[in-house]
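Under the working numbering, think of the first position of the sequence shown as 1, with each following residue one higher.
Just so you know, not all the hints are guaranteed correct.
Calculated cross-link-like contacts (lysine-lysine; reagent style DSSO-like; alpha-carbon spacing at most 30 Å) [as the list claims (entries may be wrong)]: (1) LYS138 - LYS116; (2) LYS200 - LYS118; (3) LYS200 - LYS116; (4) LYS118 - LYS138.
Since the hints were derived computationally from the structure, they do not count as laboratory data.
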Amino acid sequence: MFTRRHFIATTAALFSAPISAPAFASSHLQDQWAAWDAEVTPSGYDPATTNPWGLHPRLLPTRVEARAGLVPGDVHVDAIARYLYHIQADGTAMRYGVAIGRDGLYEPGTYTIRRKAKWPSWTPTPAMIEREPEIYAKFADGMDPGPANALGSRALYLFVGGRDTYLRIHGTPLPRSIGSRASSGCVRMVMPHINDLFDKVETGVTAYLYPAEEGNVATTS
Numbered sequence: 001m002f003t004r005r006h007f008i009a010t011t012a013a014l015f016s017a018p019i020s021a022p023a024f025a026s027s028h029l030q031d032q033w034a035a036w037d038a039e040v041t042p043s044g045y046d047p048a049t050t051n052p053w054g055l056h057p058r059l060l061p062t063r064v065e066a067r068a069g070l071v072p073g074d075v076h077v078d079a080i081a082r083y084l085y086h087i088q089a090d091g092t093a094m095r096y097g098v099a100i101g102r103d104g105l106y107e108p109g110t111y112t113i114r115r116k117a118k119w120p121s122w123t124p125t126p127a128m129i130e131r132e133p134e135i136y137a138k139f140a141d142g143m144d145p146g147p148a149n150a151l152g153s154r155a156l157y158l159f160v161g162g163r164d165t166y167l168r169i170h171g172t173p174l175p176r177s178i179g180s181r182a183s184s185g186c187v188r189m190v191m192p193h194i195n196d197l198f199d200k201v202e203t204g205v206t207a208y209l210y211p212a213e214e215g216n217v218a219t220t221s
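Whole structure, please, built from the sequences with the hints as guidance.
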C-alpha cells in the first residue's frame with residue numbers, strides 16, 4: 001500500500017512565483033476575480049514571508065526536496081504534519097500548510113483532481129446540514145462566490161473514477177484554522193496559497209490524502 005512514509009522529505013527553502021490567471025474567462029469575470037484576489041492578497045505579498053494570519057512559520061509556502069520516483073504534478077497531503085506537497089519535475093515539491101477534516105470527517109484515500117474552479121460557488125452537502133443545521137441550513141440553496149464563501153478563492157475537486165466525492169482542496173475565509181483539524185472533510189488553504197497552487201495543478205493528476213494516524217514520515221536532509 002502507498003503510505004505517507006513513501007513520499008517526502010524537507011530541505012532548504014526556495015520559492016517560485018505564481019503564474020497568471022486563465023485566459024478563457026470573460027472580461028467581466030476576470031475583472032471581478034482580480035478585484036477579489038486583490039482583496040484577499042496582502043499588500044506587498046511575498047509567499048515565503050507574508051503572514052498577517054499569524055500562521056506558524058513552518059506552514060508558509062516552501063520549496064523542499066521530494067522523494068525520488070514521485071510523479072510530477074501529483075499532490076500529497078500529509079494529514080499528520082498538516083502539509084500539502086505539489087511534486088515538481090525537477091525533483092522538488094512546493095509545500096503548503098493546510099487544515100484537514102475534524103475527527104471522523106477526514107477521508108484518506110487516492111483521488112483524481114477532475115475539476116478546478118476559480119472563485120467557486122458552494123452548497124453544503126445534505127450530510128453537513130443534517131449534522132450541523134445551525135451552521136449550514138441557511139446555505140441550503142447555495143452561497144455565492146466571493147471572499148466570504150466557504151471555498152474561498154479557488155477549489156480543486158476530488159473524484160474517484162467518475163464520482164464526485166464532494167471533497168475539495170480549497171481556500172478558506174478562516175485562515176487561522178490552518179494547521180488544525182477544522183473542516184467537514186475538505187483540505188483548506190490560505191487563499192493566496194491556494195491561488196498559487198491552483199495555477200500550477202493540472203486536471204487529471206492524482207491527489208493522495210494520507211491517514212491522520214499513521215507513523216512518522218521518513219526524511220532525508
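Results of checking the hints against the structure:
no.: 1; hint: LYS138 - LYS116; verdict: holds (26 Å)
no.: 2; hint: LYS200 - LYS118; verdict: holds (13 Å)
no.: 3; hint: LYS200 - LYS116; verdict: holds (11 Å)
no.: 4; hint: LYS118 - LYS138; verdict: holds (23 Å)
When each numbered hint is compared with the structure, no violation occurs for any of them.
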